[in-house]
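Engineer: Each chain, letter by letter, is given below.
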Amino acid sequence: MLPLRPVCGGIWRAAVHTVRMSRGAPPYRLFSSTCDGAPAALADADTIFALSSGHGRCGVAVVRVSGPASATALRCMAGFTQRLPPPRTALLRSITDPRSTEVLDRGLVLWFPGSVPGLRPAEAGEFTRRAFQAGKLGLTEVEGLGDLIHAETEAQRRQALRQMSGELGRLYQDWSDRLKRCLAHVEAFIDFSEDELIEDGVLNRVDVSVSDLQAEIERHLKDERRGERLRSGVQVVIAGATNAGKSSLLNKLCQRPAAIVSPIAGTTRDVVETALDLGGFPVLLSDTAGLRDSSDLVEREGVRRARERVEQADLTLVVVDSAHLPSEVDRAAAFLREHLRSVLPDTDRCLLVLNKADLLPEKQRQKLDTELRGVSGLPAVRLISCQTNEGLKAFLTVLHSSVKTLCGDPLFGAPTLTQARHRAHLQRCAAALAQYQRYRDTDLALAAEGVRLAVTSLGRITGRVGAEEILDIIFKDFCIGK
Amino acid sequence: TNRECASHMLRKKLPFLHSLLSPVSRHVGHLTGHQYDVIVVGGGHAGTEAAAAAARVGAETLLITQKIHTIGALSCNPSLGGVGKGQLVKEVDALDGLCGRAGDWAGIHFSILNRRKGPAVWGPRAQLDRQRYRDFIQSELLSTPRLTMVEGSVEELLVTEPNPEEPGHHRVTGIRLANGSHAISARSVVLTTGTFLSGSLFVGQTTSPGGRIGDAPSSAGLSHTLRERLGLRTGRLRTGTPPRIVKDSVDLSLAKLHLPDSHPTPFSFLNTHTHCKPEEQLPCYLTFTTPGVERVVRESLQLNCHIQQDTKGPRYCPSIESRVLRFPGRSHQVWLEPEGVTSDLLYPQGLSMTMPPDIQLRLIREIPPMRRAEIHTPGYGVQYDFVCPTQLSPALQVKSTQGLFLAGQINGTTGYEEAAAQGLWAGANAARSALSMPTVTLSRTESYIGVLIDDLVSRGVTEPYRMFTSRAEFRTSLRPDNADLRLTPKGFEEVGCVSSVRYQESLRVRNSLQDALTALQALFLSTSSWKKKLPSVPISETKSTLLTGLDLLQYNDVTFEMLASAFPESLSSFMEFAQRLKIEAVYKPHCDLNKKEIERIQREENMSLPQDIDYFSLPVSLSDEVREILDRVRPSTLGAATRLEGITPAAVVNLLNYVRVTEKKKETHRNQRQQEHTLKF
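Keeping their order, the protein sequence lines are chains A and B. Each residue of the first sequence is one higher than the one before, starting from 1 at the first, in the UniProt record's numbering. Each residue of the second sequence is one higher than the one before, starting from 1 at the first, in the UniProt record's numbering.
These are calculated hints, taken from the structure and not from any lab test. Any given hint might turn out to be false.
Taking beta-carbon pairs under 10 Å as the criterion, some of the chain A residues facing chain B (in silico) [stated by the list, open to error]:
#, residue
1, A188
2, E194
3, E216
4, L276
5, L278
6, F281
7, D441
8, D443
9, L444
10, A445
11, L446
12, L471
13, G481
With a straight-line cut-off of 25 Å between C-alpha atoms, the simulated DMTMM-like cross-links for lysine to aspartate or glutamate are [claimed, not checked]:
#, chain 1, residue 1, chain 2, residue 2
14, B, K256, A, E199
15, B, K256, A, E194
16, B, K67, B, D135
17, B, K596, B, D515
18, B, K595, A, E468
The C-beta atom is built at its ideal place from N, Cα and C for all residues, glycine as well.
Looking at chain A on its own, in the form it has when it is part of the complex (with noise of 0.2 Å):
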């Protein structure tokens, strides 16, 4: 269930709210959906829903869904066959696939007839649109949705000062200067280089400020998504053969038995996920079936199903049968190195877990502990026992650090970006940079243009930016006449 695009806002929303289900979710997963029924008219008007809550440490789970065909989403997934639930009313619904009618999950289903912004900033006048176009379908009869509103985009605001308020805000707040700047110089250039003495060095300069920013967004962007792991959780997928102790670690690592653990090969069939908070980071867990050819059709498709995951983490912790190794620790390297291979896309991104060493000889143990550290082409290995929580504290140790890693130490480092909404305002600022690189020498209009964009894009997250704004900075910056 991935967002077509990180949107929220409309009017109804579903919550559903669930008793957990077996397989690992928060205790409570509770289904929001938000529906705006703007009529189809509007080619942009699509429908889109989004886990509004964050993955991974959050206890309840809300959905929502927004657009055109929110009511028909309401209508087919939550039982409403003959009518629209009353607004604002929660009803405790079973929550059904719409094909194969099976029951997903119980909940809580809100419906908000009326438009509601989202929690990303509404694009100018967007949201006036939205609201006109529900205004057709009966907008006045719902007294106070303005309050509502209010109290959404209040909570947005609030949100969005305290994710600007830090060094992120100050980042971004020190490019939008930058931006206006450029704007302001290229507009000065445009409007009054003719009549007034603007020297031509600016427009080199800001050729200079441009590519800077470009490269210094585009850098940004490659941040490896760390800040949205912090937001959503960093996925963590347990893989490996068959019977190596999958399930076992997983139980242990959540501390409680959520997984079937049993000596049978091939015990879990599909992905068992759980959340948790690991040294304050969030992780989502997932428990997959081991690998191995099978002809039993549910464990072919579970071991696709894993193979999917492995190839989706953020960490890979790849369980071993210490049993299975060879006793020479050159020749336990190798086979590392086989195993690896086919249990992974790349290596970097793993750790790589030998289980059941309580089964070993505590010679070769500690000879494997040693030596196969720092064995080129290997991952961090460790040795642990599930059985006797041998090692375990030391794998934990190596786990937090490798987390830790992924999300970005916020006391540490460049400023991260926490929101998948500022990634695609980003790459289109970045995106509009381009486009006055490459207008610069033939046509100055349109690359203006491109700084206009870039502005504008940036301006969605940091505040919007007026012609007033732009001509303040050129009165400032030049001497301009009547």
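Once you've looked at the hints, dock chain B against the given chain A.
Structural biologist: Leaving out everything else, chain B in the frame of chain A:
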């Protein structure tokens, strides 16, 4: 034939003005009791465009001005157009206004500014011969049907008592002239008083009433009516003009020669050439201030009333004093511009000043080419009243006074082009209102005139408002080259201010451009075929895709001429539009991107907010701050409200919600009343 007709217009001989003017207009007695559709007060750029537009729309129009012979006078700089301003001139022309054609007649130095910066920001500009400009405007007005001109000073604006049902709301009924008690009635009045409304002139430490040197200000009665009777909020603005320099006393060899374009480009879409022949054009000269200029300014500050009062001045630098004080230690540009073919004066652009005349002379003599220069007329400052333009509708009608329209500097703008644009729009609407037709508006998405008016009526002014291209969000779509396509059809079909000759010409152009673009898109060749056809063009062959002629035209090095010579059978008939087609092709992708945003804004602008809302008592959830902003600005559409700073999305929805409920209630109420009415009989 349309084109021939168009070029004939320039060849038309100007009539002998003085013999014509005196009998027609010096005597006002016969006008008393006469009912006009529209009265225009003022004969500057706004007034002349307003009067001509009103008459074109079909209104019996009277133009009243203090001195007939100053109609069409260029009070300040002898030039028209420029970056941003040139766009306005093209748009006024596209709506059949006067200033573009007058510029083509009177221009003596034509250049397209920003020639190397992209066609969207090209700035058509011309130095003008003052006498020729005035002659053209006067002749044009004299030959305009339904238009009468009269000399006089307006003493009072006649309005009805406030409507008891709508307190504070009046209707205009005419004007009263100062000499005697002549009342002339009209359904609409357009005020274009320029700097004359409570105007006062400043030179050194002396202040005298006046709107322009040698001309009295408008009567105190007029200001009184606007402020006291109609309760309009006014403010005070300042401007200034430089001294005029005796040309023979300037050593122009010490200044940098600045030549015009070798092929003058006319402003008007109807003209293929300018009155002035290319070789007859006059040059301008560029020179720079010296540290001596700054010294003179500083030494004379205590003798300079105007600049001392500069407490909350504009952000830009309106005078040489403000330039050297705000940007000290620099050299500032001074343009020496010709005032006309036969004039022996130079206009020093950039040297507006208000110090005593003897110090003005000392100052200009600090500039090398003017070491021995003589001043013909000293520079001076003007302060004048303006009416806060947020009290106007987008038709430039005073919201609280039916039939009263304002245009030009009275609305807080500066510049001929800004005045002309408003004048045309106010005049056309005044006529429509008088003739019981609905008023019309121009969107900021379709024209610079729309940007200008929207900025004025929804944001107001804190300093004289001047047009810049940076104010137009859709600059790449609002180009000088396509003003006719944007405005002429609308001007004919919806406004009625465009002649059918011009309308037909614009349709011909539109259809030809469309046909040419279709023909270009029909040329559909592989890259290798294109390479054969156009060997000099660096076409990348790595792409295996097919390219159209339109794609090719977007290449930097490809001109329409090249394509036309490669495909003469399909393209050669469009050679007349070669340049326009090239621009269209390059800008098309960007304009297509603009389109969606433009449509969204236009939808919001179609939702009007009632002008009589009491925002303070409105029973909806709005913050005090939002109420205050809405009450102050009174946006006329939801679109205008969304653009206001400080208006939250929630406020907009609440407002929308309220308006919808009220409208519905009103409608129900009206229906009920109608039913009751029917029952009684």
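Engineer: Each hint: holds or not?
Structural biologist: Structure-based check of each hint:
1. A188: holds, 8 Å
2. E194: holds, 4 Å
3. E216: For E216 of chain A, the interface hint is violated, since the closest Cβ of chain B sits about 25 Å away, which is over 10 Å.
4. L276: It is violated, given that the least Cβ distance between L276 of chain A and chain B is near 38 Å, above 10 Å.
5. L278: violated, 39 Å
6. F281: The hint is violated - F281 of chain A has no Cβ within 10 Å of chain B, the shortest such distance being about 35 Å.
7. D441: holds, 9 Å
8. D443: For D443 of chain A, the interface hint holds, since the closest Cβ of chain B sits about 4 Å away, which is under 10 Å.
9. L444: Constraint on L444 of chain A satisfied, holds at 4 Å.
10. A445: holds, 3 Å
11. L446: OK, holds: L446 of chain A within 10 Å of chain B, min 6 Å.
12. L471: holds, 7 Å
13. G481: Holds, because the Cβ-Cβ distance from G481 of chain A to chain B comes to roughly 5 Å (cut-off 10 Å).
14. B:K256 to A:E199: holds, 17 Å
15. B:K256 to A:E194: Given pair K256 of chain B, E194 of chain A holds - Cα atoms ~15 Å apart, limit 25 Å.
16. B:K67 to B:D135: At roughly 14 Å apart (the allowed maximum being 25 Å), D135 of chain B and K67 of chain B satisfy the hint.
17. B:K596 to B:D515: The hint holds at about 24 Å.
18. B:K595 to A:E468: holds, 24 Å
When each numbered hint is compared with the structure, violations occur for hints 3, 4, 5 and 6.
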